[in-house]
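Heads up: the sequence lines are chains A and B, in that order.
Per numbering that gives the first Met the number 0: the first sequence = residues 0 to 511.
Per numbering that gives the first Met the number 0: the second sequence = residues 0 to 620.
Calculated directly from the structure, the hints in this document are not laboratory data.
These numbers come from a predicted model, not from an experiment.
Yeah, the Cβ is synthetic: ideal placement off N, Cα and C, and Gly gets one too.
Accuracy of the hints is not assured; some may be wrong.
What the hints assert, rightly or not - As a list, the in silico BS3-like pairs of lysine-lysine whose alpha-carbon atoms are at most 30 Å apart: (1) B:Lys582 <-> A:Lys372; (2) B:Lys155 <-> A:Lys372; (3) A:Lys59 <-> A:Lys200; (4) A:Lys372 <-> B:Lys594; (5) A:Lys365 <-> B:Lys23; (6) A:Lys458 <-> B:Lys23; (7) A:Lys365 <-> B:Lys155; (8) A:Lys458 <-> B:Lys117; (9) A:Lys365 <-> B:Lys158; (10) B:Lys117 <-> A:Lys372; (11) A:Lys458 <-> B:Lys158; (12) B:Lys191 <-> A:Lys331; (13) A:Lys372 <-> B:Lys573; (14) B:Lys155 <-> A:Lys458.
Said to hold, decoys possible - Facing chain A, a subset of chain B residues (Cβ under 7 Å, in silico): (15) Ile38; (16) Glu71; (17) Ala76; (18) Phe151; (19) Lys191; (20) Tyr193; (21) Gly194; (22) Ile198; (23) Leu201; (24) Ile203; (25) Ile616.
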Amino acid sequence: MSWLITLFVILPMTAAFLIPVIGKLIKGFQKTITSVVFLFLTVLSLFFLFDGNTEVYSYKIGGWEPVNGVPIAIYFVIDGFTILMLSIINLIGFFSAFYAISYIRRFTAENNFYTLLCLMVGGMNGVVMTGDLFNLFVFLEIAVIASYALVAFGVEKNELEASFKYQVLGGIASLLILFGIGLIYWKTKTLNIADVSDILKYSNDRSFLLFTQIILIAGFGLKGAMIPFHAWLPDAHSSAPSPISAMLSGVLIKAIGIYCIIRLFFNMFIINHEISLVFIILGSLSMVLGVFLAVGQWDIKRLLAYHSISQMGYVIIGVGIGMMILANNGNKSVAALAITGGLFHLINHAVFKSLLFLNAGAIEYKTGTRNLKELGGLFAYMPVTYSTSLGASMAISGIPPFNGFFSKLLIILAAIKGRFYLVAFLAVVVSIITLASFMKFQKFSFFNKSSITEKPKIKEVPFPMCFSMIVLAILCLGLSLLIFPGVRETVLTPVVDILMNTTDYSSTIKDI
Amino acid sequence: MSNLYIIIFLPVVAGIILFAFPEKIKLLKGIIATIISAIAFLFSIKLFSVSPQLVNLDLFSSIFTEGTLPWEILQGANKFSSFNIDNLSKFITLTICFFGLVIVIYSVAYFYKNHTLKNYFPYFLITLGLSAGAVLTDNLLFFITFWGILGFTLYKLIKGYDEESSSTAKKTLIMIGSSDGIMILGIGIIWKVYGTFTISELNIPTTYPILTIAFLSLLIGSFTKAGAFPFHTWIPDYTRHAPVPSSAFLPASLDKLLGIYFLARICAHMFILNQWLTFLLIIIGVMTLIFAVMMALIQQNYKKLLGYNAVSQVGYMVLGLGLGTPLGIAGGLFHMINHAIYKSGLFLTAGSVEKRTGKVNLDDLGGLSKAMPVTFISALICGLAMSGVPPLNAFASKWIIYQGIIDFGKEPGVANQLWIIWLGLAVIGSALTVATFIKFISGIFLGRKKDHLNKVKEVNFLMWLPGIILAIVCIGIGVLASAIVVPEFIMPLTGKFEYIGIWNPSIVFVLILASILLGILIYLIGNIKNFRTEDSFIGGEKSQEETSFPVVEFYKTIRNFRLFSFIYDMAEKKWFDIYEISKKITLYFSHWLSKAHTGILTSYVFWIFAGLIIMMIILIT
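The task is simple: from the sequences and hints, build the whole structure.
As structure tokens, this is what we get:
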């Protein structure tokens, strides 16, 4: 069984190398292979997710067995959290790739596009699977460098500028992460996360650890676009082609930002009060400032991009509250509720935000503009885009019965129960402003007066784009079911258990 | 309790299925919706005779085999699905289903061959089922979910066809959605302190600040739904732009029922109010009453006028419930029912007028009483009821509220001392309501008929029937108020209470009827037909064919009165609209923040290192 997990890296990478070679010879090869690979990986990850056992699978690259209990091989580890992330990455990846079949036709270099997309997904799969710090950095760089290129894919003035900023700031982040990893290696003489965790347990060099942790928070925070490290995001996410924006906002900032933070700070470092406070503060800042910045935007994709910052704030808050309660030895069930809320929102955000970017892409595809002031009256001409984007807007604004309502509900309830009244209040206010800005999006793009002159020419987008949007919209409704204990126990509870029992990770891995 | 399945889930499921049908067979969809509403109404009558009890519903988990995923999901949901059938909830359910039935009949006729609103009937049915669900549920989480979905269906029942109407739709959902968010805070606090979501287990004293906050946040939810000051501002806009059946269904009847139901729930069952909260409720009630009716006076658009009136009447309900005495609560709830009846009646007649004339301004209308007699009569009766003319229904409820206020004054307390002020303002509000009613009736139905209205005919059977039914119900409830309606329906909600004042509508009604009969008799026997006609004297001027003196003009003097005109100017600039104020503040912050994002790379890099260094300094030193 465990050899299967290597496919998550091997297949996208292979596809990435085959596309430029075979893609030139066979027409349509690049589209087919990308979609097929992502679909296969989605099915595989869903299979792991729902197979009913919570066993941890691992694969030692090169087959190097541990020497005296010290792991020396690079590990690929699949536990509940990883498999959840893999499902999200590949699922959204598949829909973006399928959507791109129509969307990307107007660009010239289709082969390059699909190669880069495969590289990005392969890199992200690697990041969430690896059990080795330096390996994590390598995969992270693969994913990020592919995304630099994809942001610049339009090769217009704006895209290039956005990509340049993204590269400079992303470079700083990579540097910080590498520096942090170096510090850990220097202290512990090992790079295996489980092993590092074991050694750090007995370390009492508090200020050194805090220093390392802050460096890593800044680094991964930059990748995950937490305020004040967010400045690259609005430009980059709005300049990329829409399927890529969906990947960047829906998946990339989670896989290489939020996932790494949660994994390292729960399972590698010893959780402590100060760091969880930092998370709550950064989360609140991102949530509040992000939404205020978003509500004033007139460019659809910029508006959506700022909302990514704000929504990631919710995730960080949920997880941060759980972490703080754990660190203070508080009520474990509240901590579990907070973490569940955070992770639930992470899944939900991946779905509705990528759907919203696909909607924005559909609008831009047909009208040629992203400026809300120039749009209007589209609901009659693009019914699929309209109804799916309405679902996604309601989901992100937390209107029941869409999924965003339930995850926000959990986060707010947990915040109140854990006595974080101010955070709960801010979460509600932000939710209201989110609603306001998405009502603005709905109003100006689909209703209002139409100012598009060649209106009769506008039709619904082609089938692949519609298909991706419809399925994602159904997911927006369907994921609400995760609130009910029956499903939550299969999908979310294993992840929460992994994060709650912080030291189990290293012992499980070392036992294998 | 199979009744509950049919009342709550049948309309919802039917609504979801109806989405699949194409829009072309709208008539069929309408008929199906009518049948479903009728079934729900029948079962709500059946439910009404059930004795109060708590029920745990199994949410269909039995149709799946044990151990499968859907079964697990529904088993999980079952933990929350407790429903409370008590006097209050079953009474409100009955009224909700009644209005559902009346309005759906009208809607079938209104939307027939009228392609304005897509998927009206599916959303209508979902709204119906979920409203009953929200009323009956005993679990706060179920409640907030149902309540939230209702906000969404409300948004879907109005169509954004131009800039103003789409702004209205936006404003409506933002205000309703915000109140839902704030309610979650209240629910969270209750859960934190009491560890339960079950409504029937709660009896919370408002002695600690945090519990008061919980109460206030739930209060905001109910006020926004019902439309009490200062959260009412979506209602006039909504009624102006939404299709009339939507206005009659939601802001006029269902949202009032739900909002006031929840207000009664939190005031009478979930919380024990302290005297300052009572004071607050009364003040808000009176302010709603006066401000909204003052705004109604100056409206030219009759749908908006009715919208402001709908807000103003909420003042009575809040006032009654705020008193907290059995008499006050009874008056408030009774007025809620009455209001829903006459206000949906008025909206339906307004819809008929709009459908036939296509005009929405009073200036363009007039003299339609002959052309649309049935509509005119139902509007007249409903309007008289709204003005509180005895022996119609709203008089009975206002009468109970007045008595409640007097009774309230006998107790010690801050608000109690000021009872005479509340009473005075309530009576003034009622007087002003009469003024708005006269404007509405005379503006549309009386006066000189405009030339372009010559071709106007009465609407068809299905459209005038609901109006006249509602008018008859107005009379019926009014006449039978003290004999049947109050002791049988209202007293079970509040417990027994004594009237101070004497009012026997049945006798009064008989007297009025007798005098009318006598009048007809005199008219027939006596030779009154031979009366003398004379030209009216108008300051020596010759009366001409085209001269007309519309009543509507008179109201402009109020608008121009110096003190009022200042306030009205402010109101028209939306200075009192909580939505506009918050919008300005939000956009100010937004503007200020986005100025910082200059796009200069070095400053972004600077932020990163600033953030890093600040964290270092705070944590490590």
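Hint-by-hint comparison with the structure:
For a cut-off of 30 Å, the pair hint linking B:Lys582 to A:Lys372 stands: about 18 Å separates their Cα positions. Between B:Lys155 and A:Lys372, the direct Cα distance comes to roughly 23 Å. Compliance with the 30 Å bound is thereby established for this hinted pair. With a CA separation close to 24 Å, the supplied pair A:Lys59 and A:Lys200 stays within the 30 Å bound. About 20 Å separates the Cα atoms of A:Lys372 and B:Lys594, which keeps this hinted pair within 30 Å; it holds.
Pair hint A:Lys365 plus B:Lys23 holds up; C-alpha atoms about 27 Å apart against a cutoff of 30 Å. With a C-alpha separation of about 21 Å, the suggested pair A:Lys458 and B:Lys23 falls inside the 30 Å cut-off, and the hint holds. The hinted pair formed by A:Lys365 and B:Lys155 meets the criterion: a straight-line CA distance of about 25 Å does not exceed 30 Å. With a C-alpha separation of about 19 Å, the suggested pairing of A:Lys458 with B:Lys117 holds against the 30 Å cut-off.
Restraint check for A:Lys365 and B:Lys158: the C-alpha separation of about 23 Å stays at or below 30 Å, so the hint holds. Between B:Lys117 and A:Lys372 the CA atoms are separated by roughly 25 Å; this keeps the pair inside 30 Å, and the hint holds. Taking the CA atoms of A:Lys458 and B:Lys158, the gap is near 21 Å; set against the 30 Å cutoff, the hint holds. A hinted pair counts as satisfied when its Cα atoms are at most 30 Å apart, and B:Lys191 with A:Lys331 qualifies at roughly 15 Å.
With a C-alpha separation of about 23 Å, the suggested pairing of A:Lys372 with B:Lys573 holds against the 30 Å cut-off. Only pairs whose Cα atoms come within 30 Å are accepted, and B:Lys155 paired with A:Lys458 is accepted, the gap being roughly 23 Å. A least Cβ separation of about 24 Å between B:Ile38 and chain A goes past the 7 Å threshold, and the interface hint is therefore violated. Hint on B:Glu71 holds. Least Cβ distance to chain A is approximately 3 Å, under the 7 Å limit.
The interface hint given for B:Ala76 holds, since its Cβ lies 5 Å from the closest Cβ of chain A, which is under the 7 Å cut-off. The beta carbon of B:Phe151 is positioned within 7 Å of a beta carbon in chain A (closest approach about 5 Å), and the interface hint is therefore held. Interface hint at B:Lys191: satisfied, since its Cβ lies 5 Å from the closest Cβ of chain A, which is below the 7 Å cut-off. Here the hint on B:Tyr193 is broken, as its CB sits about 12 Å from the closest CB of chain A, past 7 Å.
Checking B:Gly194 against chain A by beta carbon gives a least distance of about 9 Å; that is not within 7 Å, so the hint is violated. With a least beta-carbon distance of about 16 Å to chain A, the hint placing B:Ile198 at the interface is violated under the 7 Å criterion. A hinted interface residue such as B:Leu201 counts as satisfied when its beta carbon comes closer than 7 Å to some beta carbon of chain A; here the least separation is about 16 Å, so the hint is violated. Given the 7 Å rule on beta carbons, the hint for B:Ile203 is violated: about 15 Å separates it from the nearest Cβ of chain A.
Given hint, B:Ile616 at the interface with chain A, is violated; its Cβ is 10 Å from that chain's nearest Cβ, farther than 7 Å.
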